[in-house]
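Residue strings, one per chain:
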Amino acid sequence: MARSTTTNSKVIVTIGAWLVGFLIFFPILWIFLMSFHTEGDAIKSPFAMLASPWTTEAYQAVQTQNSYGKFFMNSVVISVGSTVLALIIGIPAAWSMAFVPGKKTKDLLMWMLSTKMMPAVGVLIPMYLGFKVTGLLDTRTGLVAIGTLINLPIVIWMLYTYFKEIPGEILEAARMDGASLTSEIIHVLTPMALPGIASTLLLNVILSWNEAFWSLQLTTSDAAPLTQFIASFSAPEGLFYAKLSAASTMAIAPILIMGWFSQKQLVRGLTFGAVK
Amino acid sequence: MATQHSRIAARFMVAPSVVLLFLWMIVPLVTTIYFSFLDYKLLVPKPSTWAGFDNYYYFLTDRTFLASILHTLAIVLGVLFITVVGGILLALLMNMPFWGQGIVRVLVIAPFFVMPTVSALVWKNMFMNPVNGMFAHIAKGLGLQPFDFLSQAPLLSIIGIVAWQWLPFATLILLTSLQSLDGEQQEAAEMDGASVLSRFFYLTVPHLTRAVTVVILIQTIFLLAVFAEIFVTTSGGPGTATTTISYLVYIQSLVKYDVGAGSAGGIIAVILANIVAFFAMRMIGKNLDA
Amino acid sequence: MNMTLRALLGATALLTLAGLASAETTITVATVNNGDMIRMQGLMDDFYAKNPDIKVEWVTLEENVLRQKVTTDIATKGGQFDVLTIGTYEVPIWGKSGWLVSLNDLPEAWDKADLLPAIAGGLTVDGELYAAPFYGESSMVMYRKDLMEAAGLTMPDAPTWADIDKAAAAMTDKSKEQYGICLRGKAGWGENMAFLTAMSNSFGAKWFDMDWKPQFDQKPWADTLAFYLHLMNDYGPPGASNNGFNENLALTQQGHCGMWIDATVAASFVTGKDSTVADKMGFALAPDNGLGKRGNWLWAWSLAIPAGSAKVDAAKAFVAWATSKEYTELVASKEGWANVPPGTRTSLYANAEYQKVPFAKMTLDSINSADPTHPTVDPVPYVGVQFVAIPEFAGIATEVGQQFSAALAGTTTAADALAAAQELTTTEMTKAGYIK
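Protein chains in written order, with the working numbering: chain R, 1 to 276; chain S, 277 to 566; chain X, 567 to 1002.
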């Protein structure tokens, strides 16, 4: 009796959850479906579009116009590079803030977050001039540097809140055993903090992957990531929905697949200190 | 508790981050402040001259300045409201046992992976367009007059688009928080005959408070800078109905190429953002102590 | 973790190093993502065969992003590009600022004298040609022959606005989602203001008088806006205040529009393979009001070389190739005459093969009827048909465009929109020092 009610309610919840998931996902599904039609069919009414013949024409057009590989590699290097760099700089900072908190720690954290408040478009010209002088325009190095600085506050924040939940006694014990600071971090702390580090990595890779202002303004060709790939397909003179959909599918797919495989990781570590 | 030794070590470990972020803050800030006092227009090839407070005067007396603050606030608050309420409901749903949790979870977080420009184009043309859009076709199918979203309710439409993109983020954080909810406490309350609703309000809601404040803080930072969605869908209009502070700064900087006015606008935006952030951060700062 | 980190860092470093070495001269060409430019990228073998020591790196972007990047780069002397794709609005301003390399010394065979005078005039400052036109366009009326016939009307080759009004009324059947006329409504200096400024010329309106005083408080502008709002409110599609070129193209291709007044390049799209009304389209000159000016614009996407480029010779070789008669023939031989870049050379329109293209003559007539140096009925102190070639224009017109777009959406009245336009234009022009 009890079992059948749970099964029944599970069926209802399953239907409800799938329905909600489907609705939220629908616009993305639509991009995907549209990418397999001709430009002329893509602007028809939804049912007429679905009924029209499927084709990979849009993908071919996209591939002949721009080589996806180069943009993809740049996106990977920039988003992973800047996140990893931010982690390297941020982990020690977050560690010390979490385990050796001072009076000003909280203020320091807030200040770090507040560096993200500057509207990017307002500082474009100074940044552009700075990049020009230092020769960083259109280099991956330049974008990795910017990405690192953009990510750093969020990285420190996420790690700090995660580290705080690690019980201090364990560290005390390690110290009693005569572990040095470095080995304390490497052998005791890091394994415990790994889920937090992993989800920090994931979230920031996603944020960098989609960062569309600096990556568009400060690159031209050598370091241009997928955001520029997208910008070369949106709003030309003439129809572009199918090609844009194809390009978008190609730009979203890698990060979506990554998200798919790591969603458990992402959910586990994404606490932001929200979990008590 | 901490030794002198570890305190010093801690300083050294925080230092690189602090120095980098300080430079990242101060260098653009100082140059921007400097430019904001210049008469510097990119397209006018004459040496820039000192402008005093002119740029600030023109920006603050711009006919759309006050309205743009309201629009910015409306977008931030509107999106926060939808994502927090929607996120709680979604997280509750995702937290229940059902078949295919993993897949549904990916479906729900997927909008977070879509670049803002693309999602704005898709929503504008494929869904909200009053002739060709999906909503128009549904309305016509039901015998109703299609609604012209971006002309009749431009701000709400943009809030909807942005909320769709940020709902996954809120849901993820709230879900993580829900999963740490003490199951035993829940069961005990259930045994005591507490109703579903009262369990929700007396156990779940207090537990979620911290997660909600985190959602609000992080999202506010990103929402204050919403730009692509406005640019693609309404270009700040009709009229100035969807012109936000960041859109106003964009017009100054990249349409008028008036570096001076754009910089002044940037500085004003920073000040306003920090006022907003001040309250948000106090709130979360208090919550973090607990 | 440590291992992973190291591996990732190593990969980052390696990737940064990759792609450094190359021997030949590489020029970076920034271009807009329109069809004619995309086509050129597929025909580069011909250029490489003729110039084996030059390699071209393409940066293809949508118009708005391209304009931002290119402007930022040239104004800060960033030096990222060797060839820029810019329009008739930028060329005179940038040329005057000394930011562009003069193209007067392109080879004799390139034949500068062959360029259409209206187009070349817009790209020349003080006798120096600062950009080579890649393709030129004007605007014209595209209409549905079948619907006109059903209504018992014929479209004159050179219609008046009254003709347009009558035709729009006759072709509108909102219950069938059939709209008499589709026009741009999305705010922006290159969007609704391009159309409205060109339209206002035929109503005898102007942006500024000889003292640079804004003219939105004068009757011709009130008439222009009132007529535009009448057409769009009574015969236009819903949601028009967010429609730009592409939105109207989609509507027209699906047969929702009786008429569409827009860029001449649209002709090849509405008669192309994706159009459901390809065989039903007719073309006419942009309308007038009998005042001697038509409501059509003039634009040329052109190739220019920034003054900061270190590879001017290679850049010139490329520009000369891309805008030559030979390139036109190359496209014609590979893709047919209908696909050659239109609107730049007299010789193209003298070509018997090209004259068979249905919209060729109307495009040439439209281009020839636009005169950027005398755009309005009354004398004005500026150059430009659908724009005013001063650096301040883009910003001002974008804000004016927002007002007119609001009037179209019905959130403000025409009178309020004009008053606001007058006020903000006066403020900006005073600030910029035109009005003393």
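It is worth saying that the hints were derived from the structure and are not from the lab. Just to be clear, a hint being listed does not mean it is correct.
Stated by the list, open to error - Below, computed lysine-lysine pairings styled on BS3-like, alpha-carbon distance capped at 27 Å:
#, chain 1, residue 1, chain 2, residue 2
1, X, 997, S, 322
2, R, 44, R, 164
3, X, 643, X, 891
4, X, 877, X, 621
5, X, 621, X, 711
6, X, 927, R, 132
7, R, 70, R, 106
8, X, 877, R, 44
9, R, 10, R, 264
10, X, 742, S, 416
11, X, 839, R, 44
12, R, 132, X, 621
13, X, 785, X, 621
14, X, 900, X, 839
15, R, 44, S, 416
16, X, 678, X, 839
17, X, 621, S, 322
18, R, 70, R, 164
19, S, 322, X, 678
20, R, 132, S, 416
21, R, 164, R, 104
22, X, 997, X, 678
23, X, 678, X, 900
24, X, 643, R, 44
25, X, 621, R, 70
26, X, 927, S, 322
27, R, 70, X, 877
28, X, 740, S, 322
29, X, 643, R, 132
30, X, 900, X, 621
31, X, 900, X, 711
32, X, 662, X, 711
33, S, 416, X, 927
34, X, 678, X, 662
35, X, 846, X, 891
36, X, 1002, X, 711
37, R, 44, X, 785
38, R, 44, X, 900
39, R, 132, X, 877
40, X, 927, X, 891
Computed from a prediction, not measured in an experiment: that's the story for all the values here.
Right, here's what the structure says about each hint:
1. For the proposed pair residue 997 of chain X and residue 322 of chain S, the alpha carbon gap of about 15 Å is at most 27 Å, so the pair holds.
2. The hinted pair formed by residue 44 of chain R and residue 164 of chain R fails the criterion: a straight-line CA distance of about 55 Å is larger than 27 Å.
3. Using a Cα cut-off of 27 Å, the hinted pair residue 643 of chain X and residue 891 of chain X is violated, with the two alpha carbons roughly 32 Å apart.
4. Our distance criterion of 27 Å between C-alpha atoms is met by residue 877 of chain X and residue 621 of chain X, whose separation comes to about 12 Å.
5. For the hint linking residue 621 of chain X to residue 711 of chain X, the alpha-carbon distance of about 47 Å lies beyond 27 Å, and the restraint is violated.
6. Distance check on the hinted pair: residue 927 of chain X and residue 132 of chain R sit about 47 Å apart at the alpha-carbon level, beyond 27 Å; violated.
7. A hinted pair counts as satisfied when its Cα atoms are at most 27 Å apart, and residue 70 of chain R with residue 106 of chain R does not qualify at roughly 42 Å.
8. A hinted pair counts as satisfied when its Cα atoms are at most 27 Å apart, and residue 877 of chain X with residue 44 of chain R does not qualify at roughly 47 Å.
9. The straight-line distance between the Cα atoms of residue 10 of chain R and residue 264 of chain R is roughly 21 Å, inside the 27 Å bound, and the hint therefore holds.
10. This hinted pair checks out: residue 742 of chain X and residue 416 of chain S have alpha carbons roughly 11 Å apart, not beyond 27 Å.
11. Between the alpha carbons of residue 839 of chain X and residue 44 of chain R the distance comes to roughly 14 Å, so the proposed pair stays at or under 27 Å and holds.
12. The hinted pair formed by residue 132 of chain R and residue 621 of chain X meets the criterion: a straight-line CA distance of about 23 Å does not exceed 27 Å.
13. Annotation: proposed proximity of residue 785 of chain X to residue 621 of chain X is violated, straight-line Cα distance about 55 Å (limit 27 Å).
14. Annotation: proposed proximity of residue 900 of chain X to residue 839 of chain X holds, straight-line Cα distance about 18 Å (limit 27 Å).
15. Only pairs whose Cα atoms come within 27 Å are accepted, and residue 44 of chain R paired with residue 416 of chain S is accepted, the gap being roughly 15 Å.
16. Taking the CA atoms of residue 678 of chain X and residue 839 of chain X, the gap is near 35 Å; set against the 27 Å cutoff, the hint is violated.
17. Proposed proximity of residue 621 of chain X and residue 322 of chain S is contradicted: the alpha carbons are some 35 Å apart, above 27 Å.
18. Taking the CA atoms of residue 70 of chain R and residue 164 of chain R, the gap is about 41 Å. The hint is violated against a cut of 27 Å.
19. For the proposed pair residue 322 of chain S and residue 678 of chain X, the alpha carbon gap of about 32 Å is over 27 Å, so the pair is violated.
20. Distance hint between residue 132 of chain R and residue 416 of chain S is unfulfilled; the C-alpha atoms sit about 54 Å from each other, more than 27 Å.
21. Distance check on the hinted pair: residue 164 of chain R and residue 104 of chain R sit about 16 Å apart at the alpha-carbon level, within 27 Å; holds.
22. About 39 Å separates the Cα atoms of residue 997 of chain X and residue 678 of chain X, which puts this hinted pair outside 27 Å; it is violated.
23. A hinted pair counts as satisfied when its Cα atoms are at most 27 Å apart, and residue 678 of chain X with residue 900 of chain X qualifies at roughly 25 Å.
24. Straight-line distance between C-alpha atoms of residue 643 of chain X and residue 44 of chain R comes to about 45 Å, which puts the hinted pair past the 27 Å bound.
25. Of the pairs offered as hints, the one joining residue 621 of chain X and residue 70 of chain R holds, with about 17 Å between alpha carbons and a cut-off of 27 Å not exceeded.
26. Simply put, residue 927 of chain X and residue 322 of chain S have alpha-carbon atoms about 44 Å apart, too far for the 27 Å limit, and the pair is violated.
27. This hinted pair checks out: residue 70 of chain R and residue 877 of chain X have alpha carbons roughly 24 Å apart, not beyond 27 Å.
28. Straight-line distance between C-alpha atoms of residue 740 of chain X and residue 322 of chain S comes to about 54 Å, which puts the hinted pair past the 27 Å bound.
29. A hinted pair counts as satisfied when its Cα atoms are at most 27 Å apart, and residue 643 of chain X with residue 132 of chain R qualifies at roughly 9 Å.
30. Restraint check: the Cα-Cα separation between residue 900 of chain X and residue 621 of chain X comes to about 22 Å, which is no more than 27 Å; the hinted pair holds.
31. This hinted pair does not check out: residue 900 of chain X and residue 711 of chain X have alpha carbons roughly 31 Å apart, beyond 27 Å.
32. Proposed proximity of residue 662 of chain X and residue 711 of chain X is contradicted: the alpha carbons are some 45 Å apart, above 27 Å.
33. The hinted pair formed by residue 416 of chain S and residue 927 of chain X fails the criterion: a straight-line CA distance of about 41 Å is larger than 27 Å.
34. Straight-line distance between C-alpha atoms of residue 678 of chain X and residue 662 of chain X comes to about 20 Å, which keeps the hinted pair within the 27 Å bound.
35. Distance hint between residue 846 of chain X and residue 891 of chain X is unfulfilled; the C-alpha atoms sit about 32 Å from each other, more than 27 Å.
36. Restraint check for residue 1002 of chain X and residue 711 of chain X: the C-alpha separation of about 52 Å exceeds 27 Å, so the hint is violated.
37. Distance check on the hinted pair: residue 44 of chain R and residue 785 of chain X sit about 42 Å apart at the alpha-carbon level, beyond 27 Å; violated.
38. Taking the CA atoms of residue 44 of chain R and residue 900 of chain X, the gap is about 30 Å. The hint is violated against a cut of 27 Å.
39. Under the criterion of a C-alpha separation no larger than 27 Å, the hint pairing residue 132 of chain R with residue 877 of chain X is consistent with the structure, at around 18 Å.
40. Simply put, residue 927 of chain X and residue 891 of chain X have alpha-carbon atoms about 19 Å apart, close enough for the 27 Å limit, and the pair holds.
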